[in-house]
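> Sequence:
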Amino acid sequence: MLSEIFIILWKCWFCFLTVFLILTIGIFWTYPLSFSQKTFPLAYKGIRLWAILIFYGSGFRLNLERNQELNPNQSYMFISNHTSGIDILVMAIIHPKHPIVFVAKEELSKVPIFGRIYKQICILVNRSDNTSKRRVFKLAKEKINLGNSIVIFPEGGVPDDTNIILDEFKDGAFAIATITDLPIAVYTIKGLKEMFPFSWRKGYPGTVEVKLLDIIETKELSLKDKDGLKEVCFQKILSELKSE
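Sequential numbering of the sequence shown, starting at 2, is according to the numbering used here.
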């Protein structure tokens, strides 16, 4: 009982910190600088600061393993497994030299205040609307041409069943990567399923293990190769997650 009280208090602190930083960094830094590509790199610094303060301020730590270096002058498609909302913070923290744009569900754009910022820094998609999906491809190509990288969690969301190690991948990330010749940087994020689940009575601060598994070039691939590419990435991530 006592441990549950501490967990609830800790998650209340996380929520307070998140809201406070949205009302400060989000409104007065990130939002006004996010309207122009010229100032978006500065807006991204605000996004990273927001992520860093929430992540470390909530007691999390990060262990990043990379066997390959990212080219600071190259845009990428960053993909990973998705088990917690904290995954978003992690992806911003580990990419200081690559301003990133998230492809995300449009539902959160309806949240007061946060929704306005969210719409400016993300490409929103309604997966039940084919017109929305086509719009995502167009906007992603524009962002990439401006030097930004894209983050997509191919599972399309956090699986409701916590026993699922890795849910089925959607096509989007792989279609965009093959169309735009964007290299895919494949990551795993371990630990957050247990540390920060969608439950007020479960969780704990700890060290999140992040690993860059591979960087896959797509210059020689076309849209018809997306299914094979998707399967390769799925198996790489699944194999690493099963090695725990």
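Be careful, since some hints might not be right.
Derived CB-CB ranges, DEER-like [what the hints assert, rightly or not]:
no.	residue 1	residue 2	range
1	E210	F36	16 to 26 angstroms
2	I114	C13	11 to 21 angstroms
3	Q38	R135	33 to 43 angstroms
4	P73	S133	26 to 36 angstroms
5	S110	C16	35 to 45 angstroms
As a list, the in silico DSS-like pairs of lysine-lysine whose alpha-carbon atoms are at most 30 angstroms apart [stated by the list, open to error]:
no.	residue 1	residue 2
6	K106	K212
7	K12	K39
8	K111	K212
9	K203	K220
Honestly, the hints are just simulated from the structure, not real lab data. All figures in this text were calculated on a predicted structure; none of them were measured in a lab. Glycine is no exception: its CB is placed at the ideal position from the N, C-alpha and C atoms.
> Of the hints stated earlier, which fail here?
Failing hints, ascending: 1, 3, 5, 7, 8 and 9.
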